[in-house]
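**Q** Okay, here's what each chain looks like letter by letter:
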Amino acid sequence: MTSPDLNLPPHHRPASLLSSRRIGAMILRYSYVLRSSWPRILELAYWPTIQMVLWGFMTLYLLQNSSILAQATGVLITGVLLWDVLFRSNLGVAIPYMEEMYSRNLGQLFVTPMRPFEFCVSLMAISGIRTILAVLPASLLALPFFDVWVFETGLPLMAFFINLLMSGWALGLVIVGLLLRYGLGAESFAWLGVFLLAPISCVWFPLDILPGWLQIVALSLPMVYVFEGMRGVLFDGIFHWDLLFWAVGLNIFYIGLGALYLMAMFHKAREMGLLLQQGE
Amino acid sequence: MNNPTPVDLPAAIDARGLRKQFGDEIAVDGLNFQVRPGETVGLLGGNGAGKTTTISMILGLLLPTTGSVSVFGADMATQRYQVLPRINFSSPYVDLPKRLTVRQNLTVYARLYGLVDVKDRIAALTDDLDMGPFIDRKTGTLSSGQYTRVMLAKSLLNDPALLLLDEPTASLDPDTADWVRGYLEAYRDRTGAAILLASHNMVEVERLCSSVLMMRSGTIQDRGKPQDLVSRYGRQNLEEVFLDIARHKDLPEGDRTS
Numbered sequence: 000m001t002s003p004d005l006n007l008p009p010h011h012r013p014a015s016l017l018s019s020r021r022i023g024a025m026i027l028r029y030s031y032v033l034r035s036s037w038p039r040i041l042e043l044a045y046w047p048t049i050q051m052v053l054w055g056f057m058t059l060y061l062l063q064n065s066s067i068l069a070q071a072t073g074v075l076i077t078g079v080l081l082w083d084v085l086f087r088s089n090l091g092v093a094i095p096y097m098e099e100m101y102s103r104n105l106g107q108l109f110v111t112p113m114r115p116f117e118f119c120v121s122l123m124a125i126s127g128i129r130t131i132l133a134v135l136p137a138s139l140l141a142l143p144f145f146d147v148w149v150f151e152t153g154l155p156l157m158a159f160f161i162n163l164l165m166s167g168w169a170l171g172l173v174i175v176g177l178l179l180r181y182g183l184g185a186e187s188f189a190w191l192g193v194f195l196l197a198p199i200s201c202v203w204f205p206l207d208i209l210p211g212w213l214q215i216v217a218l219s220l221p222m223v224y225v226f227e228g229m230r231g232v233l234f235d236g237i238f239h240w241d242l243l244f245w246a247v248g249l250n251i252f253y254i255g256l257g258a259l260y261l262m263a264m265f266h267k268a269r270e271m272g273l274l275l276q277q278g279e
Numbered sequence: 000m001n002n003p004t005p006v007d008l009p010a011a012i013d014a015r016g017l018r019k020q021f022g023d024e025i026a027v028d029g030l031n032f033q034v035r036p037g038e039t040v041g042l043l044g045g046n047g048a049g050k051t052t053t054i055s056m057i058l059g060l061l062l063p064t065t066g067s068v069s070v071f072g073a074d075m076a077t078q079r080y081q082v083l084p085r086i087n088f089s090s091p092y093v094d095l096p097k098r099l100t101v102r103q104n105l106t107v108y109a110r111l112y113g114l115v116d117v118k119d120r121i122a123a124l125t126d127d128l129d130m131g132p133f134i135d136r137k138t139g140t141l142s143s144g145q146y147t148r149v150m151l152a153k154s155l156l157n158d159p160a161l162l163l164l165d166e167p168t169a170s171l172d173p174d175t176a177d178w179v180r181g182y183l184e185a186y187r188d189r190t191g192a193a194i195l196l197a198s199h200n201m202v203e204v205e206r207l208c209s210s211v212l213m214m215r216s217g218t219i220q221d222r223g224k225p226q227d228l229v230s231r232y233g234r235q236n237l238e239e240v241f242l243d244i245a246r247h248k249d250l251p252e253g254d255r256t257s
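Listed in order, the protein sequences are those of chains A and B.
Counting from 1, position 85 in the first sequence corresponds to residue 84 in numbering that gives the first Met the number 0; the numbering is continuous, with no gaps.
Counting from 1, position 19 in the second sequence corresponds to residue 18 in numbering that gives the first Met the number 0; the numbering is continuous, with no gaps.
Hints in this document: simulated from the structure, not taken from any laboratory.
Beta carbons are placed, not taken as given, at the ideal position from N, Cα and C, and that holds for glycine.
Mixed in with the good hints, there may be bad ones.
Claimed, not checked - Footprint (simulated), chain B over chain A, 3 or more residues, beta carbon under 8 Å: (1) 26-35; (2) 105-114; (3) 267-273.
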């Protein structure tokens with residue numbers, strides 16, 4: 000009788016702890032989904048663009064009455080676009096995961112050599128791509144509509160973008176953990192969870208508007224440092240490095256926490272037999 | 000270098016005291032069995048007997064409450080990534096993404112399994128499983144027979160040394176089902192892979208399996224070669240033995256081998 004060769008055959012790469020090939024495979028999988036449907040790409044850009052237009056007209060109206068806004072005409076539009084970076088980044092992690100649930104593919108994915116950590120990295124990478132696709136058209140359209148060139152802010156804008164992307168990843172990882180544990184019953188957290196943080200993220204108003212005790216809570220959120228930093232650049236032309244360092248530090252902390260939570264829920268799902276049952 | 004003989008190799012599956020409890024419900028209770036390389040073992044039982052729970056624990060998708068299961072010597076609760084590159088499975092409880100074409104799906108899985116010559120491997124399987132006419136069609140548009148062949152291709156992408164198949168021919172016409180069985184037999188004989196087959200089709204089990212495990216209520220009620228079981232129960236075929244066990248018409252304790 001023939002005996003099986005337990006060594007990896009020549010057309011295999013050896014298993015590793017973190018494989019760029021496996022992460023690349025998952026990014027390829029999600030890019031296939033995006034490429035297969037133009038309405039999906041249109042849908043990504045639709046809401047940020049509508050938001051930008053609505054808030055842009057609101058800005059034009061307020062400019063007639065507000066001396067604060069007159070100091071920095073782009074502040075509301077930039078705030079709206081940056082808020083959408085956070086929202087899209089969070090969705091960019093959760094939606095690809097939900098697509099695996101809808102297509103009943105999780106059971107197959109988790110018996111490949113792909114590790115949960117690699118899965119997290121691929122979700123974050125595809126989230127970055129989806130966020131750029133979502134926000135870029137609206138950012139460009141702000142110029143013809145309102146004469147606001149958001150890229151004028153330059154490198155600080157890139158720093159804000161990356162930090163909000165990271166905040167969205169952290170939140171997205173927690174939501175994927177919830178989806179792993181509670182299935183599609185937790186789907187609404189993916190769509191609405193980020194709005195729970197909106198009032199204390201200080202997107203459209205400064206931190207000192209909040210009552211004192213709430214300011215302490217708000218200061219635990221990296222987004223607050225980003226939006227305070229944005230106002231510093233737009234109103235005073237000053238980039239506050241200290242705010243950036245706080246934002247980066249908190250983001251790294253929360254991404255670590257999100258990944259740990261996801262791993263814990265993955266373990267729980269293995270205990271409860273949820274990985275083969277996830278679907279509609 | 001010669002491959003080790005099947006007897007030298009660790010068991011493809013070694014389940015010891017395997018038990019899974021969900022709350023008050025015991026899904027699987029104290030399973031002990033081995034599957035040797037090159038062997039095809041049937042896992043039989045009615046709905047809710049514990050077959051899928053057992054397969055999930057073998058794959059490491061589900062953690063046992065007590066007991067252990069190892070695959071080629073690796074404990075699937077803690078060391079599964081050592082052997083996952085050499086395992087694959089197919090189950091009616093999972094699907095492939097329907098919006099992706101067959102080629103795209105196979106490409107993603109080939110990369111996840113770490114294959115280097117992805118195009119060549121997919122081309123070989125396309126040829127082997129006669130998937131040429133639909134390799135670039137969306138997976139969601141395939142017929143049952145075509146889809147089964149795609150699932151089989153996905154299961155064989157990494158040349159698995161252990162293949163777990165849950166109802167591999169369910170809902171297939173007899174001709175296609177027969178073709179799939181023939182293909183699996185040839186694959187096992189060519190590679191020496193071990194196969195654990197959960198099926199309700201007794202003809203399939205009698206043809207493919209060298210031994211069967213008869214499950215009921217999470218326990219192995221009986222086990223043995225299909226023909227031995229048929230003789231011991233004094234029946235015409237394995238289906239009648241299955242019905243006896245499912246309907247609680249057990250052999251006396253002394254005649255059982257579980």
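**Q** To test your reading of the hints: which numbers does this structure violate?
**A** none
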